[in-house]
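Going by the numbering used here, the first residue of the sequence shown is number 63, and it counts up by one from there.
One should not assume that every hint holds.
Below 30 Å or equal to it, Euclidean Cα-Cα: the simulated DSS-like pairs (lysine-lysine) are [to be verified]: (1) 119 / 421; (2) 459 / 242; (3) 184 / 242; (4) 333 / 272; (5) 459 / 184; (6) 283 / 272; (7) 284 / 273; (8) 431 / 111; (9) 436 / 421; (10) 242 / 356; (11) 111 / 382; (12) 188 / 382; (13) 121 / 382.
Calculated from the structure, these hints are not laboratory results.
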Amino acid sequence: MARTTGRHRISRRTKIATGALGLAIAVGGLVVVTTTGNDPDASAALADKSQFVDITKVKQNVNPPRNQGNASRGTFTVNCGRNENGHFNADNFIAQPGIKMGAEHLHDYVGNLTANADSNNKSLAKSGTTCKNGDKSAYFWPVVRIPSNEKAAQKNGTKDSDGNWQRYQEAQQDAAVEKKEPRVDCKDVASELPPDVPESAAPVIEQELKKLDEQKEAAEKKLETAKNVDQEVTGPLTEQRKQALDKISQAVQQQGKQGKDFGQLAPCGIKQPNNDGVTDNGDQNNEVNTEGTKEHNHSKPGDKNLEIGINNGTIQRPVKVDLTFRGSPNSKVKAMPRFMRILTGDAKVSTNGPKNARKVWTCTGFENKVLMDKYPICPEGSQVMRIHDFPSCWDGKNVDSANHRDHIIHREANGTCKRGFVPVPELRISLTYDIPRDVQLRGGYSLDSFAQEKNNPASDHNDFANVMSECIMFRLVNCINNGKTCRE
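Please construct the entire structure, taking both the sequences and the accompanying hints into account.
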């Protein structure tokens, strides 16, 4: 239920931060309606057989641009698990903020434990995470299913757990309350750093960024009970930030960089629902619904397969989830700001056309050769894969835009960014599934989708909200720009 007092709020969040598997399941699970005989779309449970293609008969079509002299060649991989905790829902807080079950298809989540329709910057930052390094970012995509009557359905199948519906509702109520509450607002520092920070300066910068993260978190807690916000919260926080930013400036300048005055980033304010705080970065677009679908007011059903609309069958959990950030083939990359929203692919490709659609389907052993907008039939010994590459050319200012796309776009074919955009780390999410070959040959697996897409593989998409601390983001960028292979 909704929280009412500052003291109770702190106590409950402490529990959320320390909860383990049981709570992870609690905030993630969603029970949705099953299809019935009265549902006109019930027969469209699987994609048309024509949507399946033998990958060995497809010509090579992956031709990445060659790295240039100033390329950022490193990679940074985050271990966030395979959604072992069972965090599923039919929400999308990026494309359909505030619309419960508006996606009409189920999303598979890793990372942030509380992501739901009402998630906002404050609730996301307070959440726990499945990521080993503390990254609270939300990574989510439509699930893949195979018919429940298939013998293979249970091998990697995932079902709902008791109590998830109540806990899901509680997580949404918490987020809805926090959406109306004030929060501490400070300018991003990591994204303002030069991309070529020497390794000798990195330890000092990382240490001071960690302090900034901790100071802001402490200020958020003070805000809940403060009587004089200026004296108790923003004033002291600004002074603390000045000291940390001064040390960052010195570390950069000692390396001969003519850096900006990072002290300009010290002032913090309070962001209310009706004002922008100290940042003017477009995050008011976090409240824009671009899908146009209205909320589905389903009552609690008893289905164990989390079926919704046309999407039937047992959910197939990936046997491998790889979250890797990569560099640019032409230059160093800059840090992306915290709370940036990024979409790739188009969930309504049949309505919107192919402009934003991406070819993502392939098989292991073919991932560097072939990407398709069809379901692959893989040869023996090969597994079904989905590879989602996210946009990585940022406008340099906004964390979001009205269509959730204009602020960050894909690179040009030669790897460069369009004029006026700067390269940031490119997220690649690779998902591998153990779907038996006989099931593939029968056309027996499908992607959850909106009803009008009829499980079209071309409607595959993926979503990411950056909730990394500035310290983690700095390590990520420093790793990539220095050509390292890092795993956390």
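Review point. Is residue 283 within 30 Å of residue 272, Cα to Cα?
Key: Judged against 30 Å, a Cα distance of about 17 Å means the pair holds.
Point to revise | Given hint residue 272 paired with residue 333 - CA-CA distance at most 30 Å | key: Answer holds: residue 333 to residue 272 is near 22 Å, not above 30 Å.
Practice item. For the pair supplied as a hint, residue 184 and residue 242, confirm whether the alpha-carbon distance does not exceed 30 Å. Key: Given pair residue 184, residue 242 holds - Cα atoms ~10 Å apart, limit 30 Å.
Practice item. With a cut-off of 30 Å on the C-alpha distance, tell me whether residue 242 and residue 356 pass. Key: holds (21 Å)
Review point. Does the alpha-carbon distance linking residue 459 and residue 184 stay inside the 30 Å limit?
Key: holds (20 Å)
Point to revise | Pair hint residue 111 and residue 382, alpha-carbon separation not exceeding 30 Å | key: Between residue 111 and residue 382 the Cα gap is close to 26 Å, so the pair holds against 30 Å.
**Study point:** Satisfaction of hint between residue 242 and residue 459, Cα-Cα up to 30 Å
**Key:** This hinted pair holds, its Cα atoms lying about 25 Å apart.
**Study point:** Proposed proximity, residue 111 with residue 431 (alpha carbon, max 30 Å)
**Key:** Distance of about 24 Å is within 30 Å: holds.
**Study point:** Pairwise hint evaluation, residue 382 against residue 188, where the allowed Cα distance is 30 Å at most
**Key:** holds (27 Å)
Review point. Is the straight-line distance between the alpha-carbon of residue 121 and that of residue 382 30 Å or less?
Key: Roughly 26 Å between the alpha carbons, so the hint for residue 121 and residue 382 holds.
Practice item. With a cut-off of 30 Å on the C-alpha distance, tell me whether residue 284 and residue 273 pass. Key: Given pair residue 284, residue 273 holds - Cα atoms ~16 Å apart, limit 30 Å.
Check your understanding: Does the alpha-carbon distance linking residue 119 and residue 421 stay inside the 30 Å limit?
Key -> Holds, because 16 Å separates the two Cα atoms, which is no more than 30 Å.
Every hint from the earlier list agrees with this structure, and none is contradicted.
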